[in-house]
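Novice: Protein sequences, first through last, are from chains Y and V.
Note that the numbering used here has the first sequence beginning at 1, numbered continuously upward.
Note that the numbering used here has the second sequence beginning at 119, numbered continuously upward.
Honestly, the hints are just simulated from the structure, not real lab data.
Hints should not be assumed to be uniformly reliable.
[What the hints assert, rightly or not] Not close to chain V: a few residues of chain Y, all C-beta gaps over 12 Å, as computed:
id: 1; residue: Thr20
id: 2; residue: Gln37
id: 3; residue: His41
id: 4; residue: Leu45
id: 5; residue: Glu79
id: 6; residue: Asn105
id: 7; residue: Arg114
[Claimed, not checked] Straight-line alpha carbon distances no greater than 25 Å define the calculated DMTMM-like cross-link-like pairs of lysine to aspartate or glutamate that follow:
id: 8; chain 1: Y; residue 1: Lys11; chain 2: Y; residue 2: Asp73
id: 9; chain 1: V; residue 1: Lys160; chain 2: Y; residue 2: Glu27
id: 10; chain 1: V; residue 1: Lys160; chain 2: Y; residue 2: Asp54
id: 11; chain 1: V; residue 1: Lys174; chain 2: Y; residue 2: Glu106
id: 12; chain 1: V; residue 1: Lys189; chain 2: Y; residue 2: Glu27
id: 13; chain 1: V; residue 1: Lys186; chain 2: Y; residue 2: Asp38
Cβ coordinates follow ideal geometry from the N, Cα and C atoms, glycine included.
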Amino acid sequence: DAGITQSPRHKVTETGTPVTLRCHQTENHRYMYWYRQDPGHGLRLIHYSYGVKDTDKGEVSDGYSVSRSKTEDFLLTLESATSSQTSVYFCAISFGTSGSLPTTNEQFFGPGTRLTVL
Amino acid sequence: GESVGLHLPTLSVQEGDNSIINCAYSNSASDYFIWYKQESGKGPQFIIDIRSNMDKRQGQRVTVLLNKTVKHLSLQIAATQPGDSAVYFCAENKEDSSYKLIFGSGTRLLVRP
Numbered sequence: 001d002a003g004i005t006q007s008p009r010h011k012v013t014e015t016g017t018p019v020t021l022r023c024h025q026t027e028n029h030r031y032m033y034w035y036r037q038d039p040g041h042g043l044r045l046i047h048y049s050y051g052v053k054d055t056d057k058g059e060v061s062d063g064y065s066v067s068r069s070k071t072e073d074f075l076l077t078l079e080s081a082t083s084s085q086t087s088v089y090f091c092a093i094s095f096g097t098s099g100s101l102p103t104t105n106e107q108f109f110g111p112g113t114r115l116t117v118l
Numbered sequence: 119g120e121s122v123g124l125h126l127p128t129l130s131v132q133e134g135d136n137s138i139i140n141c142a143y144s145n146s147a148s149d150y151f152i153w154y155k156q157e158s159g160k161g162p163q164f165i166i167d168i169r170s171n172m173d174k175r176q177g178q179r180v181t182v183l184l185n186k187t188v189k190h191l192s193l194q195i196a197a198t199q200p201g202d203s204a205v206y207f208c209a210e211n212k213e214d215s216s217y218k219l220i221f222g223s224g225t226r227l228l229v230r231p
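Let's have the full structure, built from the sequences with the hints guiding it.
Specialist: What follows is the structure, encoded as structure tokens:
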């Protein structure tokens, strides 16, 4: 599992509330990603990070923000949760230590967080 | 726009038979492709990858074929087992330094005993 954990694993919240999901990795990898997965869809990239304080938008970034204040943690925040953000959220990493390009293109995924917005 | 897709949403095979899962991609500039397996309640798991300078790559019971002429990718699973039942995704690499992946919508493989 490439040392990736996600928390919480399940969350139910109400529309309009802020929500923060955490991805934690233990192996000093530079690249981290947040995806969402919805029925009938593959994974869609929300945001990604290529180093501490270095982040960029993916294809479905509206309504989400991210932060990476240290290598091991990548946080995804739903500033004001909506029902359309009910989904399963996956964090991923690419191998490669800080300061280097990924050693491979492979991405390794965490176990996911199931978020329900009522 | 650029996308990665799959021909068949569900594939049912008899245990012991070979399985073939197909994927079409539209970005001729993509140079890297991955197949992932996702079991229920889990994150995607890497199966095999291939670069655009190759036509075929084999792993343990799996083979990936790449046809750049028609922009088609396939995953072949030999002697399919019940443990192969899962959703399979192909993904293509978007060429930039971030190594972003674009995923297809997935094919569910059901293995009949």
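Novice: Which earlier hints turn out false for this structure, listed by number in ascending order?
Specialist: 2, 3, 4, 6, 7, 10, 12, 13
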